[in-house]
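Assemble the whole structure, with the sequences as input and the hints as a guide.
For the sequence shown, this note's numbering begins at 48 and goes up steadily by one.
The set of hints was computed from the structure by calculation and includes no laboratory data.
Watch out, some of these pointers could steer you wrong.
Claimed, not checked - Simulated pairs of lysine-lysine, BS3-like, Cα-Cα distance not exceeding 27 Å:
1. 420 with 508
2. 161 with 118
3. 321 with 251
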Amino acid sequence: MGYKSTQECIDDLEKHGKLIRVKEEVDAELEMAAIHLRVFENNGPAILFENIKGCKFKAVSNLYGDINRSKFIFRDTLDKIKTLIDLKNNPLEAIKHPFKYANVAATAFSSLPKKSSFNNPVLQNETTISSLPQIKCWQDDGGAFVTLPLVYTEDIDAPGVMNSNLGMYRIQMSGNEYVQDKEVGLHYQLHRGIGVHQTKSNAKNQPLKVSIFVGGPPSLTLGAVMPLPEGMSELTFAGALGNRRIRYTNVDGFCIAGDADFVITGEVHPNENKPEGPFGDHLGYYSLKHNFPMMRVHKVYHRDNAIWPFTVVGRPPQEDTSFGALIHELTDTAISKEIAGLKDVYAVDASGVHPLLLAIGSERYTPYNNERKPQEILTIANHILGKGQLSLAKYLLIVAGEDNPHLTTKDVQAYFSHLLERVDWTRDLHFYTRTSIDTLDYSGTDLNSGSKVVIAAAGNKIRELGTSISELNLTDNFRNPKVIMPGIIAIQGNRYVDAATTEKEILNFKFQISNFPLLIICDDSDFVSQTLNNFLWVTFTRSNPSHDIYGIDSFTENKHWGCNGPLIIDARIKPHHAPPLIKNSEIEKKVDALGVKGKSLFGII
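Here's what the structure looks like:
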């Protein structure tokens, strides 16, 4: 829909029964986030908070908390956007079939940002950072954060909206060493779009001008998180998705999105960093306190009756899950066309997205009358790990599509079974050591530092997977083995000490389990085996491939590591890991009180 504002979207959702209002006074300190989480967990609607303690503004959350609601918001343009993305990869189609693609012409025109010198609603009022909703989501967060910020910057060497970057990088508004109302913290990685802009500004010893948009057309929000094909800007995508050109103007040298609810402007000066965090993040743990760029606040604008959109992240699935599903639906064919031979790829949300990628590729290098083994899919794997956000993957599993044309990465258990039936641990493990991983992942050796592994399998089945355990002769260090799924066992270990101790413990394993090729050492095997999501979350967020993968009867041959027996992943919590997110019991009681008859959440939670 061509919404002009957050309010128009809210009105539309409420009209169709997809939004509730919380009229009771609620506290931005933990309570609003707890309400959001509870409503989301119960597959509830979007939430409009009308009465925030000590704040004059309203706030809205869970707008995109359900994939069907997200599709509803963009119902008039999704198909046209898919067509535009396809045309970007094959523009000759529009020339060959002009009448077939005539209906996307207006959508394409909407992609052009529109400069306006007047009638910009967001410039009607000014305020301060401390007057904004000070939403703190988790009890050990370092302060209040903006969790749906649309951070706009331009390339100092090629200024202008067409060369700009719009990304979603969290903003810390209070706490730590920030001077209230004068400074905020920006958390982003230097290889991201804004980081490239900052590097160029630093080289010229000039400040980077930053505009932070909050609210406005929902298309602007989705545009900020969209991994677009090369050559498409976020503002143009947002205009096309919203079927309405993005309005902007320039004030004091800053770009202002005229339809946003709030705009915070400021500058990031070279080498001005301050501690940012902790922050309860989307892997289900806190990202800890580290130095990140600090922005000097210039001005804070807001429109009349402005509404503050926010979200809450934590152990997946959360609201950002539907973002990921929508993005995958839009870009799936585009990514496949950009990487030759790639048939399907899926960032597994339950594992925290970046820790685990599943892929299916073509394996055409090996003639069918010879032994089939991974060859082409290894080339595809290297391409995947060099592609945008996919480069953050820690575990990349890839199989040959020819072995089962009906296999899909979305059926995670079936995918694991297919791979484990075929994988050869003596041959199919390929490590990348001392490399970069996601900033939010603390399983590695240092911030941004860790390892990757590609597990590639192709060919006929070489084993039947076990479904029950008859007997395991475990040592005193391990106990309570549980079958997670066919071929995978969880084994509970003692508290992790160090890698050398783990190595000694595993050397005492005397058993060979040919039908269980994968063993997971964990702190609680009952929990890990309870659900598929528990297995995915624990295994892939709590392990660093180069340090935490072991094998029974392992060997190193010409720099290649493998094992003749089962592969072992040590997914116990390590001393250097970040703490997991835990709900506050007292705040949960407040949320319970809103669910009784006569209160706003009755029938919802």
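Hint check results:
1. 420 with 508: Given pair residue 420, residue 508 holds - Cα atoms ~12 Å apart, limit 27 Å.
2. 161 with 118: Distance of about 25 Å is within 27 Å: holds.
3. 321 with 251: Satisfied, since the Cα-Cα distance of roughly 21 Å is no more than 27 Å.
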